[in-house]
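Take a look at the letters that make up each chain.
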Amino acid sequence: MSDEFLLSLYRFDPEKDERPYMSDYKISYPETGNMMVIDAIRQAQENDSTVTFRRSCAQGVCGSDGVNMNGQNGLACITPVADVITRGKLEVRPLPGLPVIKDLIVDMKPFYEQYEKIKPFLDNEDEVTTGHERLQSPEDRDKLDGLYECVLCACCSTSCPSFWWNPEKFVGPAALLQAYRFIADTRDKQKRARLKKLNDAFSVYRCHGIMNCTSVCPKGLNPSKAINEIKKELRRIG
Amino acid sequence: MGTFLWLVQRFSSLIILSYILFILISYFVKPYHIDAQVWFSDINSIQMKIFTSLFLVMMVGHALQGLKAVEDDYFTERTIGMFLAQTKHLAKFLRYSYRGFIGLVIIVLSYVTVFSYLMEV
Ligand code: SF4
Ligand code: SF4
Ligand code: FES
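Residue numbers (our numbering), protein chains in the order written: chain A, 1 to 238; chain B, 1 to 121.
One or more hints might be untrue.
Claimed, not checked - Distance condition first, Cα-Cα at most 30 angstroms in a straight line; then the derived DSS-like pairs of lysine-lysine:
| hint | chain 1 | residue 1 | chain 2 | residue 2 |
| --- | --- | --- | --- | --- |
| 1 | B | Lys88 | A | Lys169 |
| 2 | A | Lys231 | B | Lys68 |
| 3 | B | Lys68 | A | Lys196 |
| 4 | A | Lys117 | A | Lys232 |
| 5 | A | Lys197 | A | Lys109 |
| 6 | A | Lys225 | A | Lys197 |
| 7 | B | Lys68 | A | Lys232 |
Rather than coming from a laboratory, the hints here were simulated on the basis of the structure.
Since we're looking at a predicted model, the values are computed, not measured.
Based on the sequences and whatever the hints tell you, model everything.
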């Protein structure tokens, strides 16, 4: 293995540039040989402080550093360079389908608007009789596994062609996974209303089951399965 | 509405599939390749006229949903502008031309079906 590789970064500053371009940086592997994409971007930033990139936790928890690496969406902090590099070159671009604010940073507003639409909170007006919290059986709690762990990184929704073309009308895999998280929660009392709100030609049914979402989720979740569960529930209520 | 359209799509595909299978199987069972007259009288029978009309209606219903999805995805300012920003204002024109073309195809298809097939004795 060579001890260097080429990192090509998408650059665009709307205040200065007429169109986007790619900048190349020579990156050297650390002695251990292990390197995450975030470390490579950091090295590029040391040479060129104008490279703009968003991140926080650096351990796959905050979901703020979703990018497209050699064509595949993922979190830069938990993606090893070795997993995405091809022929000594790694191209990093912003998440596709969202407006670029600067370089690798996208405007997540359209994504959050869909999240807001599905009302991501327990809706239950019944009085709490236990004095402290709403109880749930361990079996009912198990139904939420694989749903609540989402970090809202948008890697799935921005890899979905249906979301690229109709981000205002198609809820997208991330928000649909969260919609199902509340539909499946026995403590929520709005199951029917939630389903009814999704029953149009776009919100859920625009998903054609191609499963890009599931194949890119850095947390190993399965939005496509959750979408199918919503479709099943919709058919059940007619 | 979403579930209803989904059901239409599934139901129509069943009718379409059964019509195609029926035609294919009858080709092997009946002596159509020897005697064209048998084919003519079969396809012009009242049962086949009903089945064929049902097939065509289902085809149109099924195809319209797919074609609408193509329109929603591709004939928009966003998608057209993605390929060439200066052409995005053409989206509306393209969308209406596309609808017009599909409408025309449906009218021609219905005309031919009614006057050259269903009303033929
Ligand atoms: S399975 Fe559905 S939501 Fe997931 S990428 Fe495909 S169309 Fe999008
Ligand atoms: S489902 Fe996965 S890819 Fe989608 S937003 Fe959540 S963590 Fe990210
Ligand atoms: S920086 Fe927080 S998930 Fe990558």
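For each hint, the structure was consulted:
At most 30 angstroms may separate the alpha-carbon atoms for a hinted pair to count; lysine 88 of chain B and lysine 169 of chain A meet this at roughly 20 angstroms. Taking the CA atoms of lysine 231 of chain A and lysine 68 of chain B, the gap is near 20 angstroms; set against the 30 angstroms cutoff, the hint holds. Of the supplied pair hints, the one linking lysine 68 of chain B and lysine 196 of chain A holds, its CA atoms being roughly 23 angstroms apart against a limit of 30 angstroms. Restraint check for lysine 117 of chain A and lysine 232 of chain A: the C-alpha separation of about 21 angstroms stays at or below 30 angstroms, so the hint holds.
About 21 angstroms separates the Cα atoms of lysine 197 of chain A and lysine 109 of chain A, which keeps this hinted pair within 30 angstroms; it holds. Proximity of lysine 225 of chain A to lysine 197 of chain A is assessed by CA-CA distance (about 19 angstroms); at most 30 angstroms being required, the pair is judged to hold. With a C-alpha separation of about 24 angstroms, the suggested pair lysine 68 of chain B and lysine 232 of chain A falls inside the 30 angstroms cut-off, and the hint holds.
Of the hints listed earlier, there is not a single one the structure fails to meet.
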